[in-house]
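Number of protein chains: 2
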Amino acid sequence: MNMITSALFTDFYELTMAQGYWKDNMNQEVVFDMFFRRNPFNGGFSILAGNETLMDVITNFRFSEDDIKYLADQKIFEQGFLDYLKDFHFTGDLYTMDEGTVIFPQEPLVRIHANLIEAQILEALVLNHVNFQSLIATKTARIWLASKKAPIMEFGLRRAQGPDGGMSATRASYIGGAAGTSNTLAGKEYGIPVMGTMAHSWIMSHSSELEAFRDYAKIYPQNSVFLIDTYDTLKSGIKNAIIAGGELVEKGYNFGVRLDSGDISYLTREVRKELDRAGYPQAKISVSNELTEEIITTLVASGAPINSWGVGTHMVTGGNESSFTGVYKLAARHDKATNQMVPAMKFSDNPAKTTNPGIKNVYRLYDENGMALADILSLENETLEEGKEYRYYHPMVDYRQFTCKAAKVEPLLKKRLEKGQRVTPRLPDSEQLKISRTTMQSQLESFDESYKRILNPHIYKVSLTEKLMELKKDFIEKNIR
Amino acid sequence: MNMITSALFTDFYELTMAQGYWKDNMNQEVVFDMFFRRNPFNGGFSILAGNETLMDVITNFRFSEDDIKYLADQKIFEQGFLDYLKDFHFTGDLYTMDEGTVIFPQEPLVRIHANLIEAQILEALVLNHVNFQSLIATKTARIWLASKKAPIMEFGLRRAQGPDGGMSATRASYIGGAAGTSNTLAGKEYGIPVMGTMAHSWIMSHSSELEAFRDYAKIYPQNSVFLIDTYDTLKSGIKNAIIAGGELVEKGYNFGVRLDSGDISYLTREVRKELDRAGYPQAKISVSNELTEEIITTLVASGAPINSWGVGTHMVTGGNESSFTGVYKLAARHDKATNQMVPAMKFSDNPAKTTNPGIKNVYRLYDENGMALADILSLENETLEEGKEYRYYHPMVDYRQFTCKAAKVEPLLKKRLEKGQRVTPRLPDSEQLKISRTTMQSQLESFDESYKRILNPHIYKVSLTEKLMELKKDFIEKNIR
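Which chain is which? The protein sequence lines are Y and F, in order.
For the first sequence, the residue numbers in our numbering are 50 to 530.
For the second sequence, the residue numbers in our numbering are 50 to 530.
Please note: incorrect hints may appear among the correct ones.
When chains are identical, the list treats them as one kind, so a pair holds in a single copy or across two.
Stated by the list, open to error - No farther apart than 27 Å at their CA atoms in a straight line, the calculated lysine-lysine pairs in the DSSO-like style are these:
{"hint": "1", "residue 1": "Lys385", "residue 2": "Lys267"}
{"hint": "2", "residue 1": "Lys527", "residue 2": "Lys72"}
{"hint": "3", "residue 1": "Lys378", "residue 2": "Lys267"}
{"hint": "4", "residue 1": "Lys322", "residue 2": "Lys333"}
FYI, nobody ran anything at the bench for these hints, they're computed from the structure.
Here the structure is a predicted model, which is why all the values come from computation and not from measurement.
Given only the sequences and the hints, what does the whole structure look like? Please build it.
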């Protein structure tokens with residue numbers, strides 16, 4: 050698979066600053082967190098994706114000779130620094146959650162321990178991969194939930210943001226719950242089921258609709274989904290589909306129909322009646338046409354008898370929300386004076402932009418029925434005991450606190466790269482994707498419906514341990530007041 | 050540069066249909082138009098981009114042995130058809146407008162003459178490249194116009210839709226008027242100026258803001274733009290910038306400042322006063338922070354003294370509109386009975402989705418001052434004479450007609466591929482991009498301000514010649530009524 054692994058895939062200022070750190074001998078050990086600030090689509094949750102792709106790229110991220118030459122041509126980099134870049138590769142540690150994890154604002158999704166130059170040069174890379182794929186996995190999960198977990202086919206290639214936008218989007222939408230894709234190359238590269246039967250052009254290229262259906266049925270008897278809205282869905286499309294489909298049923302096959310225009314709720318109900326009346330209750334109805342999770346929700350609520358959905362544009366681009374708010378911030382740095390890691394924190398006039406200091410872990414608390422209660426940010430070396438009561442603190446609002454005794458405590462961050470190398474073997478893409486998709490599906494089961502509502506969801510708690518809250522308060526005390 | 054040239058980059062149904070056309074001996078000559086239905090962002094115009102990239106990919110579009118093996122594994126393709134795909138490459142002709150052209154709905158932007166199978170397999174490819182880059186070039190042109198053509202720096206890599214989303218977006222935004230990019234790899238690959246100085250992390254990594262500024266100035270005296278909002282823009286940032294910048298001025302250099310938060314209109318005016326008062330009227334002010342064309346418009350209108358702009362997320366993703374409405378439709382096909390090309394047309398219950406039949410050209414009419422009057426769709430072999438009056442017809446609304454005598458008539462579509470090969474040599478990327486960008490800039494000059502308004506623009510006329518209108522009416526008469 051094509052993969053951009055040139056370390057020039059970075060913002061130029063990272064390189065100008067890197068030269069500064071290099072010259073000033075400031076290349077100390079640091080810890081950066083990638084986290085996000087709010088769930089997209091006014092939703093109650095997000096889905097992590099792209100972090101597996103990220104690790105593939107990080108472990109191959111290099112400046113080629115040609116890249117170095119390009120930098121030299123900029124006339125602002127010294128030879129010594131360029132020599133340093135020649136040997137550049139990631140030598141740090143990377144912690145991340147399982148791909149497919151249900152995630153929430155404030156939580157470190159990727160935690161990088163490295164020297165300052167490596168950590169900074171990776172910034173755009175980390176954000177680019179995780180932001181985009183998480184956006185699309187989240188959008189798809191919403192669409193999949195709205196459909197009541199019906200099969201969703203992704204076919205957004207023609208509207209995706211660039212060629213790899215199409216590939217990454219297909220990957221992420223599979224993690225988010227899509228059953229398959231029209232993108233044949235993604236099918237090959239990632240082992241995702243490819244799907245698709247006919248476009249309007251097939252019907253228009255034949256002398257009649259019936260002939261077009263029969264011709265398709267002859268070639269693909271096991272996989273005929275007739276597109277019935279080319280001329281008139283009810284007067285012609287469904288009638289011809291029943292003729293051609295009936296001939297398939299006689300030969301022992303099944304068939305389906307697809308609608309791509311018109312009032313889907315009304316038409317699918319009429320089409321269902323026609324199919325049942327003709328004796329084909331087993332024939333499936335599939336729909337498409339600029340679908341979103343909101344449109345799917347109203348169609349399902351209207352009782353439209355739809356078996357599967359084809360979704361393109363909105364699923365692969367995010368639709369009206371086209372970016373994920375992930376950021377990458379310094380959490381700790383090595384202090385020469387004391388020779389230890391000390392917490393770092395970004396302040397802001399806007400409290401929502403103030404970060405949580407220190408090297409942090411994330412724990413998910415569950416009740417005795419396996420339902421998620423809250424996610425907790427703790428200090429790195431803290432452990433939370435199951436069955437023991439603790440007090441937890443809202444990350445911004447001082448007086449919002451709660452106590453909780455969890456039946457189960459699950460750590461979410463895992464060390465995946467150590468000194469730049471994978472800790473566990475890289476799985477084949479198709480295997481990894483199935484695992485990531487299963488993670489998404491099984492984790493969503495452990496969240497109450499109220500967090501998964503498409504509109505106006507309940508807000509899931511992400512809180513701090515007492516020790517982390519104390520650290521944060523101390524830090525503010527010493528540095529601001 | 051990484052480029053996806055596998056012909057599996059297509060929707061799976063194109064391949065299932067292609068096998069049908071192949072088996073049924075229906076692989077006749079066809080003409081497809083790529084056009085779009087409405088300007089994005091409620092704008093009055095769009096900018097064509099990505100068609101140059103498209104030609105690079107089309108001329109290299111092949112099924113590898115591995116791709117063929119993948120298709121064979123799907124168990125629905127016959128060996129004969131797979132053998133046909135082994136030799137697949139584009140052997141047709143491609144017409145398109147110059148990249149950077151100001152474009153309008155209904156106009157064929159890309160016109161492909163090929164056999165049916167080739168033309169269909171290209172569909173997703175054509176749409177993917179042209180839709181995305183045109184979206185971003187259009188967005189950038191709007192931002193550039195809103196800024197009154199100030200320097201715009203693109204730095205959206207971290208929020209772009211996937212790695213190549215970042216690359217293609219940078220390419221397109223340069224065509225749309227961006228002055229440079231933070232994306233170093235795009236700088237190298239496309240010869241786009243790379244820009245960028247310091248992030249907040251630079252300042253936070255130093256023991257004081259002043260030290261951070263001085264340190265940067267020491268290393269990059271010719272290119273110091275101090276980021277002044279890390280602690281307090283007015284109380285600390287601008288004061289330290291004036292100290293460090295003053296030291297640069299004494300050595301014969303200039304400096305600038307950047308603001309990334311707060312009330313930009315108020316703060317830039319205060320900062321400007323401070324700089325002027327300190328004797329540095331030459332010091333430039335740059336701003337960033339989730340900018341859109343609407344925000345830039347209000348900042349410019351408020352009199353904020355801003356010299357340059359840094360724009361990321363919204364420019365590289367389209368923001369709240371994340372796709373371009375380009376479609377790819379059959380316009381003509383070879384008719385065996387008469388052995389000639391006959392027009393094709395798609396009807397729809399929605400008149401806006403009805404296509405214009407036949408092989409069409411596009412002409413731009415200008416008045417004696419060089420200002421664009423209207424764009425005209427004509428039949429392929431029609432020519433419009435300068436200085437001669439013609440009557441033109443609205444593509445949908447019968448009674449909307451006008452007569453017009455143009456001082457200049459410019460054909461917009463040019464043959465660029467013939468039998469699958471470039472008609473003119475491929476230019477180096479950096480040269481092509483400069484030409485495309487100049488096309489955008491000079492063409493926009495020939496459009497009245499009313500078409501370029503950010504909000505509620507005047508609608509530019511795209512009309513049909515009498516002959517094309519007659520053909521369309523005839524076609525409807527014969528095929529529908």
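Evaluate Lys527 and Lys72 at a C-alpha cut-off of 27 Å and name the case that applies: within, between, both or neither.
-> For Lys527 and Lys72, the Cα distance exceeds 27 Å both inside one copy (30 Å) and across copies (78 Å).
Status of Lys267 relative to Lys378 across identical chains (alpha carbons, at most 27 Å) = Close across copies (26 Å), not inside one copy (59 Å); limit 27 Å.
How would you classify Lys385 and Lys267 at a CA-CA limit of 27 Å: within, between, both, or neither?
-> between (76 Å within a copy, 23 Å between copies)
Using 27 Å as the alpha-carbon threshold, which applies to Lys322 and Lys333: within, between, both, or neither?
-> within (12 Å within a copy, 70 Å between copies)
Checked against the numbered hints above, the structure breaks only hint 2 and satisfies the rest.
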